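Novice: Sequence:
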Amino acid sequence: MDSSSSGGGRARRRSGSGSWGSVGSDTFDIPAKGAPIERLKKWRQAALVLNASRRFRYTLDLKKEEQKEEVRSKIRAQAHVIRAAYRFTEAGRIHVQPKETTVQHADGALGFGIQEDQLTAMTRDHNYSALQQYGGISGVASMLKTDSEKGVSGDDSDLTARQNAFGSNTYPRKKGRSFLAFVWDACKDLTLIILMVAAAVSLALGITTEGIKEGWYDGASIGFAVLLVVFVTAISDYKQSLQFQNLNEEKQNIHLEVVRGGRRIMISIYDLVVGDVVPLNIGDQVPADGILISGHSLSIDESSMTGESKIARKDHKSPFLMSGCKVADGYGTMLVTAVGINTEWGLLMASISEDSGEETPLQVRLNGVATFIGMVGLTVALAVLVVLLARYFTGQTYDPDGSVQYVKGKMAVGQTIHGVVRIFTVAVTIVVVAVPEGLPLAVTLTLAFSMRKMMRDKALVRRLSACETMGSATTICSDKTGTLTLNQMAVVEAYFGGKKMESPDNSQTLSANVTSLIVEGIAQNTSGSIFEPEQGGQEPEVTGSPTEKAMLSWGLKLGMKFNETRSKSSILHVFPFNSEKKRGGVAVDLGGSEVHIHWKGAAEIILDSCTSWLDTDGSKHSMTPEKAAEFKKSIEDMAAASLRCIAFAYRTYEIGDVPNEDQRVDWKLPEDNLIILGILGIKDPCRPGLRDSVRLCTAAGIKVRMVTGDNLQTARAIALECGILTDTNVSEPIIIEGKTFRALSDLEREEAAEKISVMGRSSPNDKLLLVKALRNRGHVVAVTGDGTNDAPALHEADIGLSMGIQGTEVAKESSDIIILDDNFASVVRVVRWGRSVYANIQKFIQFQLTVNVAALIINVVAAISSGNVPLNAVQLLWVNLIMDTLGALALATEPPTDHLMQRQPVGRREPLITNIMWRNLIIMAFFQVSVLLTLNFGGTSLLHLKNDNPAHADKVKKTFIFNTFVLCQVFNEFNSRKPDELNIFKGISRNRLFIGIIAITVVLQALIVEFLGKFASTVRLSWQLWLVSIGLAFFSWPLALVGKLIPVPDRPLGDFLACCCPGSKQASDKENRAEDSDV
4 MDSSSSGGGR
14 ARRRSGSGSW
24 GSVGSDTFDI
34 PAKGAPIERL
44 KKWRQAALVL
54 NASRRFRYTL
64 DLKKEEQKEE
74 VRSKIRAQAH
84 VIRAAYRFTE
94 AGRIHVQPKE
104 TTVQHADGAL
114 GFGIQEDQLT
124 AMTRDHNYSA
134 LQQYGGISGV
144 ASMLKTDSEK
154 GVSGDDSDLT
164 ARQNAFGSNT
174 YPRKKGRSFL
184 AFVWDACKDL
194 TLIILMVAAA
204 VSLALGITTE
214 GIKEGWYDGA
224 SIGFAVLLVV
234 FVTAISDYKQ
244 SLQFQNLNEE
254 KQNIHLEVVR
264 GGRRIMISIY
274 DLVVGDVVPL
284 NIGDQVPADG
294 ILISGHSLSI
304 DESSMTGESK
314 IARKDHKSPF
324 LMSGCKVADG
334 YGTMLVTAVG
344 INTEWGLLMA
354 SISEDSGEET
364 PLQVRLNGVA
374 TFIGMVGLTV
384 ALAVLVVLLA
394 RYFTGQTYDP
404 DGSVQYVKGK
414 MAVGQTIHGV
424 VRIFTVAVTI
434 VVVAVPEGLP
444 LAVTLTLAFS
454 MRKMMRDKAL
464 VRRLSACETM
474 GSATTICSDK
484 TGTLTLNQMA
494 VVEAYFGGKK
504 MESPDNSQTL
514 SANVTSLIVE
524 GIAQNTSGSI
534 FEPEQGGQEP
544 EVTGSPTEKA
554 MLSWGLKLGM
564 KFNETRSKSS
574 ILHVFPFNSE
584 KKRGGVAVDL
594 GGSEVHIHWK
604 GAAEIILDSC
614 TSWLDTDGSK
624 HSMTPEKAAE
634 FKKSIEDMAA
644 ASLRCIAFAY
654 RTYEIGDVPN
664 EDQRVDWKLP
674 EDNLIILGIL
684 GIKDPCRPGL
694 RDSVRLCTAA
704 GIKVRMVTGD
714 NLQTARAIAL
724 ECGILTDTNV
734 SEPIIIEGKT
744 FRALSDLERE
754 EAAEKISVMG
764 RSSPNDKLLL
774 VKALRNRGHV
784 VAVTGDGTND
794 APALHEADIG
804 LSMGIQGTEV
814 AKESSDIIIL
824 DDNFASVVRV
834 VRWGRSVYAN
844 IQKFIQFQLT
854 VNVAALIINV
864 VAAISSGNVP
874 LNAVQLLWVN
884 LIMDTLGALA
894 LATEPPTDHL
904 MQRQPVGRRE
914 PLITNIMWRN
924 LIIMAFFQVS
934 VLLTLNFGGT
944 SLLHLKNDNP
954 AHADKVKKTF
964 IFNTFVLCQV
974 FNEFNSRKPD
984 ELNIFKGISR
994 NRLFIGIIAI
1004 TVVLQALIVE
1014 FLGKFASTVR
1024 LSWQLWLVSI
1034 GLAFFSWPLA
1044 LVGKLIPVPD
1054 RPLGDFLACC
1064 CPGSKQASDK
1074 ENRAEDSDV
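Sequential numbering of the sequence shown, starting at 4, is according to our numbering.
None of these hints come from the bench; they were simulated from the model.
Fair warning: this is a prediction, and the values are worked out from it, not measured in the lab.
Any given hint might turn out to be false.
[To be verified] List time: in silico DSS-like cross-link candidates among lysine-lysine, alpha-carbon distance up to 27 angstroms: (1) Lys742 / Lys584; (2) Lys630 / Lys503; (3) Lys320 / Lys502; (4) Lys560 / Lys503; (5) Lys552 / Lys503; (6) Lys456 / Lys989; (7) Lys320 / Lys742; (8) Lys153 / Lys320; (9) Lys686 / Lys706; (10) Lys949 / Lys989; (11) Lys313 / Lys671; (12) Lys503 / Lys564; (13) Lys191 / Lys153; (14) Lys320 / Lys36; (15) Lys191 / Lys45; (16) Lys191 / Lys44; (17) Lys456 / Lys36; (18) Lys461 / Lys254; (19) Lys623 / Lys671; (20) Lys153 / Lys552; (21) Lys242 / Lys461; (22) Lys584 / Lys636; (23) Lys686 / Lys636; (24) Lys571 / Lys552; (25) Lys706 / Lys36; (26) Lys461 / Lys686; (27) Lys635 / Lys552; (28) Lys254 / Lys178; (29) Lys686 / Lys742; (30) Lys191 / Lys36; (31) Lys623 / Lys635; (32) Lys584 / Lys552.
[What the hints assert, rightly or not] Computed beta-carbon distance windows for the label pairs: (33) Glu629 / Ser573: 34 to 40 angstroms; (34) Asn732 / Lys242: 53 to 59 angstroms; (35) Arg180 / Thr382: 32 to 38 angstroms; (36) Ala643 / Lys148: 53 to 59 angstroms; (37) Ala184 / Lys153: 35 to 41 angstroms.
Don't be surprised by glycine CBs; every beta carbon is placed ideally from N, CA and C.
Hey, can you work out the whole structure from these sequences and the hints?
Specialist: Dropping the structure here:
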């Protein structure tokens, strides 16, 4: 890595302090993208885990990843061996046995002239001689009853027949895990296993000592509570699994263009059939195995199948295409010959189990927090166990009636063991409550919820970590076309024949010769297509990119007959449109000795290559400086009106100078001495509401930067229109051209990047340089992209956002999130959801830590002072269920609010527990501990129970403590919804799940206290005690309201602690320096 990049790493590492509670902050700190395997192994080894199968379910399965690579390499090796053997036998046949061998022709499969296994073998082995003996591409197409230009008919009966004969384009998927598998996983929790053993021992001892009628309650109640925890956990995990399964299926459902009945239509990749004709363009994924019908400069990246980063050129001599590969350059059409499991890609996908596991930085940080709290909890539980056992065996533990629980030499062995088991059960249950096993899993829950909702907001998440990182984004580098604009392009201005046309659709001012040249250039130099219906009266259907559609539609208005025009000349060679050179060209043979070379592209770039211009009457004139200035003025005028300027030019060429067919692949089309035909001004309106979206981002501390291939004038006009620029007179580097930015030194580039708002005439490489420069300055960068060449920038950015409509498959695979409607407003919604993920996790942490701290302190103080704990095992398990699964469901699924977009972005290294959270947590924990300890030591008199039976009074007091503790958590859940807002009920009606969980918790609590006393060791409470209990819990609300008025310092608590412990700070700095040197 270069120095500038390592500097960026240092800047980012210093952008925030480490998270409180992480055991070795570096151990539990991983990058959002491309974390090394060693880092992933390191945090797993450091984490304190009670149930590994559950905790690590949604993390990357490192063993499976290794197995995947082995399977891939085996299938690739098999393919290489088959092809090598075939080439060897072919060579032997040519040299030893020159006579032609015939390929066995089958009667055909279900009415077709060729069988499935023959097609599959020919394509898999790349058997060119077999293809020739089947009659070449036209012969195979005929056998498959396919028209190589119009495709299959597309009738339902025809498609069904093809699927029956040759299979469907799907592969066997491994079934998702059943509900019982999740139940089994939940049962593997070490503490729950210990509790089940303790429950069994308690059940056996209880029945032995007290008889079956009364003795089974203790053991059975613990067992029932454990089962309840297991099933609630399993149900929650199972639902999350189904959500991830659905999202995975959505990610793999690629939509592509096919030709059916002469018309180009969009279908799902799963609906592709053998015989389909598929157009291929740069960035597309080859959707099935097939053979090339026709192509121009078609190059395929086969690395996904062969493992070699080698680009293979495809032509009539090498026509075989493999499913899963990507189009690296050029365009063409293919005939599908094998689908699904009959392709190597299908075989590969069926052999690899789909693992949606991926740990996110927040998930790993929370594992660090959970490990720290768990260690504290284990220490406390061990201390409670030692104290309780010491008090028990020294006769310091008393029953409610005042009698000693253990008298040495006078107790039966069974009674002694029963007493020890009870103490041990309480200690283990404290571990269950103290170790927040659900904390890291709450991230998965909120991510699953957010991802499902984001799908409705037109955003498909490909990488979980992107959800989190988007909440920290400080800048968005956005494309213009289709993202900031509607992508509904139309020609609104035309400058042809050396002057502006009064109406762009009126070709009467142009001679027939000029119109013919323009139409020829539009029809032949395009990757789009026009379907001309055979029945009259129907409008032609135009397909292609929005720019191509605009030009083809304009050509139709000029009187262009697309198919007729294309048939008048044949294409010799194509230079596909290139976003680096910003132009595309084609050489066409008109018959005889005449060749026309047509170019189109960025107006000022094409103009620079022109030495002549064509008048309206078709006469050619030299390009004088005055005329060039006139053309440039027309370009500037169009650009100032927010128009995209496309120029058309051509030149003549001698057929004798054209290389022969074998050498034509490397022929560079002449691009000098061009004759300019004219310039089109294409309007693409800004999206409605875009200005508001940009304003919202600015208020949220996110700078929106526009990166476009259009010239500076067009870029400036659009930026002013959508609010990215507010001043018309800005200059460099606020608005800058790509080549100027590219020419700067690394340091100058970083300084300029900070100020850039608009970059015009940019190439994909300029976008990559901008992303790197911004990241080096410590920014969290989101970048949008749709082209194949955008892939490096999408990969380099912290969050890559590809476009769902215009984006190529290469861009989508390099991105983290796909914006399904290509709309910038959807990008802003993704930011809201990203911030919501982080905010919801913080709410849950605040809630859970309050329960942890309160429960631990109450049990420890009570155990040390009296030898008894106020909350027994069953009650603590119920509290754990409220705190863990139900709490996560209630708080981790809060929808995003406008308040989130009024904050500044959250730094990736900022502490998870903020000073505001510390304040809220300390106030609530102090309140709960004070109330409950007061009740524990003085409850009998405070609740007026002195005159009651001592044993019953003790039960009432403990039930009241348990009830008040649970209700305090219920009321505190409301407080946790809005850690930094006074109105805790704002937007509550939108979260029905929260209301439902609160209602379920309260109803179940009432049932436990009033009707399940035998199981939970509770007694019924009077309505007066219920009111007192509710009143005490209700006091949480006004107390939290007053607490929020207490100001907190901006400086994180961790920084204060670091100042108090300079030794640890020096050690941390030393680690950072070591990490820098590694980088």
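Novice: Hint by hint, note whether the structure agrees.
Specialist: Cross-check of the supplied hints:
no., hint, result
1, Lys742 / Lys584, "holds (12 angstroms)"
2, Lys630 / Lys503, "holds (13 angstroms)"
3, Lys320 / Lys502, "violated (47 angstroms)"
4, Lys560 / Lys503, "holds (17 angstroms)"
5, Lys552 / Lys503, "holds (22 angstroms)"
6, Lys456 / Lys989, "holds (20 angstroms)"
7, Lys320 / Lys742, "violated (40 angstroms)"
8, Lys153 / Lys320, "holds (23 angstroms)"
9, Lys686 / Lys706, "holds (26 angstroms)"
10, Lys949 / Lys989, "violated (44 angstroms)"
11, Lys313 / Lys671, "holds (22 angstroms)"
12, Lys503 / Lys564, "holds (25 angstroms)"
13, Lys191 / Lys153, "violated (59 angstroms)"
14, Lys320 / Lys36, "violated (41 angstroms)"
15, Lys191 / Lys45, "holds (23 angstroms)"
16, Lys191 / Lys44, "holds (21 angstroms)"
17, Lys456 / Lys36, "holds (23 angstroms)"
18, Lys461 / Lys254, "holds (13 angstroms)"
19, Lys623 / Lys671, "holds (25 angstroms)"
20, Lys153 / Lys552, "holds (20 angstroms)"
21, Lys242 / Lys461, "holds (22 angstroms)"
22, Lys584 / Lys636, "holds (22 angstroms)"
23, Lys686 / Lys636, "holds (18 angstroms)"
24, Lys571 / Lys552, "holds (22 angstroms)"
25, Lys706 / Lys36, "holds (22 angstroms)"
26, Lys461 / Lys686, "holds (25 angstroms)"
27, Lys635 / Lys552, "holds (25 angstroms)"
28, Lys254 / Lys178, "holds (17 angstroms)"
29, Lys686 / Lys742, "holds (25 angstroms)"
30, Lys191 / Lys36, "violated (31 angstroms)"
31, Lys623 / Lys635, "holds (19 angstroms)"
32, Lys584 / Lys552, "holds (21 angstroms)"
33, Glu629 / Ser573: 34 to 40 angstroms, "holds (39 angstroms)"
34, Asn732 / Lys242: 53 to 59 angstroms, "holds (56 angstroms)"
35, Arg180 / Thr382: 32 to 38 angstroms, "holds (35 angstroms)"
36, Ala643 / Lys148: 53 to 59 angstroms, "holds (55 angstroms)"
37, Ala184 / Lys153: 35 to 41 angstroms, "violated (50 angstroms)"
Going through the hint list in order, the structure does not satisfy hints 3, 7, 10, 13, 14, 30, 37.
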